[in-house]
Amino acid sequence: MDFLKSMKNRKKSNSKDTNKKKNKQQASAKKKKSGDKNCSKRSKKHNTKQKSKREKKSAREKKSLREKKSARENTMHDIFDRDTFAFRLEHCVHPDALNRHSVQTEAFETFTTTVTSMGVDGLAKEYLETLVPFLPVGYFERSIFDKNTEFKKNRYKDVPCNDKTRVILKDGYPGDYVHANYVKGTKPMFILTQGPLKDTAMDIWRMVLQEGVAAICMLCELIENGRPKCEPYFPDTEGQVLTFGEITVTCTESTTPDNHTQLKMLTVMDKKSGKSHKLYHYKIITWPDKSIALSNLAILRTLRSLRKMPGPIVVHCSAGIGRTGTFAAIEVGAQCLLNGKAFRPADLVRAVRHCRLNSVQMDTQYLMLVEAILDLGVAFKYIEDPKSLDAIETYKRNVADYVEAHPPPLEMFKAPPKVEIEKEKEKDKDEDDGAQPSSAPVHTPPAPPAIPSPAKLPTAPPPVEKPVTPSPSASPLPSPVSSPAPQLVQKPTTPTDASKPFVAQPPFAPNLGAQTGMQQPSNFNIEKSLYK
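Just add 1 to wherever you are in the sequence shown, counting from 1, and you've got this note's numbering.
Calculated from the structure, these hints are not laboratory results. Any given hint could turn out to be false.
To be verified - Derived pair list, reagent style DSS-like, types lysine-lysine, alpha-carbon separation capped at 27 Å:
#  : residue 1 : residue 2
1  : K230      : K165
2  : K64       : K54
3  : K171      : K185
4  : K165      : K185
5  : K171      : K126
6  : K185      : K279
7  : K388      : K126
8  : K230      : K154
9  : K273      : K153
10 : K171      : K158
Said to hold, decoys possible - Here are the simulated distance ranges between beta carbons:
#  : residue 1 : residue 2 : range
11 : R398      : T115      : 13 to 21 Å
12 : A406      : N226      : 19 to 27 Å
13 : A60       : G176      : 27 to 35 Å
Please read all numbers here as calculations on a predicted model, not as lab measurements. Cβ coordinates follow ideal geometry from the N, Cα and C atoms, glycine included.
Based on the provided sequences and hints, a complete structural model is requested.
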């Protein structure tokens, strides 16, 4: 009996131990399971946290990019209204070293800091990466341009005219198209156009009469690097008269204000309407194609004179985008700063391109644009900080080095076929000698190598400034050809004219428009001293 009791007790004890073990195992399993869950939760929480950090970082980066883009767009928005294609300029401000405002000096200093911190390499990189491919998508059309290409109204097929800002001729003559665009907001307003062609020489004078143009600024030569760049559309010497259909153009006075500029007073007469109009014709003679001007100060003096004109200003070179766009951008940029509005140079170029596509054609012209605005700030003492002045001098030296290292692409002619010419010469020679024509093969020179792309080899070094003495009386150029062909009429010189020779008053002959009542440039002695 005792044995049976002991066995029962042992069995109960074993059962209790087994239950305890089971309970322990179950508790351990539960604990482990709970631990795994907690670990999984911790891991999941960690992963979520890491993901959240990555998302926050990505969001911050996107926000930073948006802010940078917004800041850029805001600077452009501050100076240009894309809906009306007009610059936001409240006043036409004439720079004055004796009457400066703190807002103006602050704007010039901000601009100086921006461009000098980027440096020449930074600005050139910005131009090549962001401005070369830039087009104002959604703000331009070219259907009218394409329609007029077949009528020989466009000088270059790859230089379109924005339909949204083009000048529409409404004078009753056939055709309303001219390759010209308004740049509104400046006072006076700019009209940027291509160099006139044989079939468009009359159109530019139609535009002059319609818009009441006060001055034309020509930035190219008729022939450059052996290629025609502009049709001779204006009389070159005093007393000369050209006729384009019903429109006659007479040169009444001519002078050479300085080594960089030629100036004429022209009278335009429309026989059909009886309308007569007088205007100035400026010609900058020291600004090579696809390069920079020999003298920034000559450009600034011309702009200072044009700023006082009572009507629109027509500006052209050959294509009407490189030198022309740079010239207009210098004035627009200067007026923005004089109105107290700082900007980034790339935003200025983008804004001008909304009006005139592809304006500022080369990277060196982009650098010149910045340099000319800095020269204006220094000349009129809007920039006086010694550190800024030192930075500007460094910038100008670097621009000269960059231009020298990046010459413009050479315009090369395709070798003309000389085989027939040589055969004719040999035939004539053999006939003179009484011999049979030679059948020897004639060597044809190989074609020249392909011309590099302008985008890869942008612009040319500025030539060393030399005194140029142009002769306004000499006219080495051929008589202009137009449709219809202009007629040249030379006025006889009367004894009265000979006894009273025209004497120019430097730099832009203020007496030229005395008969017209037009507002004339004044106080040049002060201006010249400031630009020295």
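Hint check: K171 vs K126, CA-CA at most 27 Å. Holds or violated? 43 Å, violated
Mind checking the alpha carbons of K273 and K153 for me, to see if they're no more than 27 Å apart? 25 Å, holds
For the hint 19 to 27 Å, verify it against the beta carbon of A406 and that of N226. At 20 Å between Cβs, range holds.
Would you check the hint for K171 and K185, treating anything up to 27 Å between C-alpha atoms as holding? This hinted pair holds, its Cα atoms lying about 19 Å apart.
Holds or violated: K165 and K185, Cα atoms, limit 27 Å. Distance of about 12 Å is within 27 Å: holds.
Hey, K230 versus K165, does the alpha-carbon distance stay inside 27 Å? 26 Å, holds
Is the straight-line distance between the alpha-carbon of K230 and that of K154 27 Å or less? 14 Å, holds
Take a quick look at whether K185 and K279 sit within 27 Å of each other, Cα to Cα. 23 Å, holds
With a cut-off of 27 Å on the C-alpha distance, tell me whether K64 and K54 pass. 15 Å, holds
Falls inside 27 to 35 Å, the C-beta gap from A60 to G176? 56 Å, violated
In this structure, is the beta-carbon distance linking R398 and T115 contained in 13 to 21 Å? 19 Å Cβ-Cβ, so the 13 to 21 Å window holds.
27 Å Cα cutoff - pair K388, K126: 24 Å, holds
The structure shown violates the earlier hints numbered 5, 13.
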